[in-house]
Amino acid sequence: MIDLEGIAHRITVALYADAGLDEVELAKIEYGLSLSLGIAITLAATLGLAALLGLFAPALALALAALSLRLFTGGTHCSSYDRCLILSVSLFVLGAALARWAAAVLPLGGALGVYLGVTAATALYLLTKRPRLALMVVAVTFAVLGFSLAGAESSIKPAALAVSFGFALQTALTTGPGRRLVDMADAGLKKVVK
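Taking numbering that gives the first Met the number 0 as reference, the numbering of the sequence shown is continuous, increasing by one, and the terminal residue is 193.
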């Protein structure tokens with residue numbers, strides 16, 4: 000079991016014990032360290048497994064898209080970091096596999112349609128909740144689209160689809176049904192992981 004809070008506390012005490020900071024400032028540092036460690040471990044576990052499965056590029060694209068959006072949207076958490084890690088890695092790697100599969104079976108026009116459709120649906124939903132995030136999603140969409148059109152179709156298509164899937168995944172997990180899905184997964188994982 001990974002004790003992020005304990006690790007963050009020990010690092011904070013080791014680094015700032017003599018800095019003269021009050022409890023509130025130390026708590027902020029601990030929280031930031033805990034969050035950063037959690038993201039780093041999740042990303043490392045995702046990319047390690049994805050590399051073993053030959054899914055590194057789409058997994059990286061999906062995870063970065065989802066995690067960057069999550070910084071601004073928040074989201075539902077499992078009741079322990081270990082379960083959250085398992086769920087996140089599973090969703091990111093499965094999403095990367097789906098992106099790779101869709102890129103393989105769809106012609107370029109079909110992949111472009113899926114990419115724009117998924118991203119447009121995500122942006123429209125975000126437009127009703129957080130307009131600035133919708134603009135970020137649209138800006139990233141056009142940047143990725145530009146890279147996709149300029150790059151090799153075989154390598155860019157899965158990554159572009161993974162970006163749209165990452166945005167859609169994170170957006171879906173902020174909705175009521177998404178929260179219920181995380182709660183159900185958490186309850187199921189409790190039977191396996193303490």
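Treat the hints loosely; a few may be bogus.
What the hints assert, rightly or not - List of simulated lysine to aspartate or glutamate pairs, EDC-like, C-alpha gap at most 16 Å:
#, residue 1, residue 2
1, Lys193, Asp81
2, Lys193, Asp182
3, Lys193, Asp21
4, Lys190, Asp81
If you are wondering where the hints come from, they were derived from the structure by calculation, not from laboratory data.
Results for each hint:
As the CA atoms of lysine 193 and aspartate 81 are separated by approximately 8 Å, the hinted pair is consistent with the 16 Å bound. Distance check on the hinted pair: lysine 193 and aspartate 182 sit about 15 Å apart at the alpha-carbon level, within 16 Å; holds. Of the pairs offered as hints, the one joining lysine 193 and aspartate 21 is violated, with about 34 Å between alpha carbons and a cut-off of 16 Å exceeded. Between lysine 190 and aspartate 81 the CA atoms are separated by roughly 13 Å; this keeps the pair inside 16 Å, and the hint holds.
Going through the hint list in order, the structure does not satisfy hint 3, though it satisfies all others.
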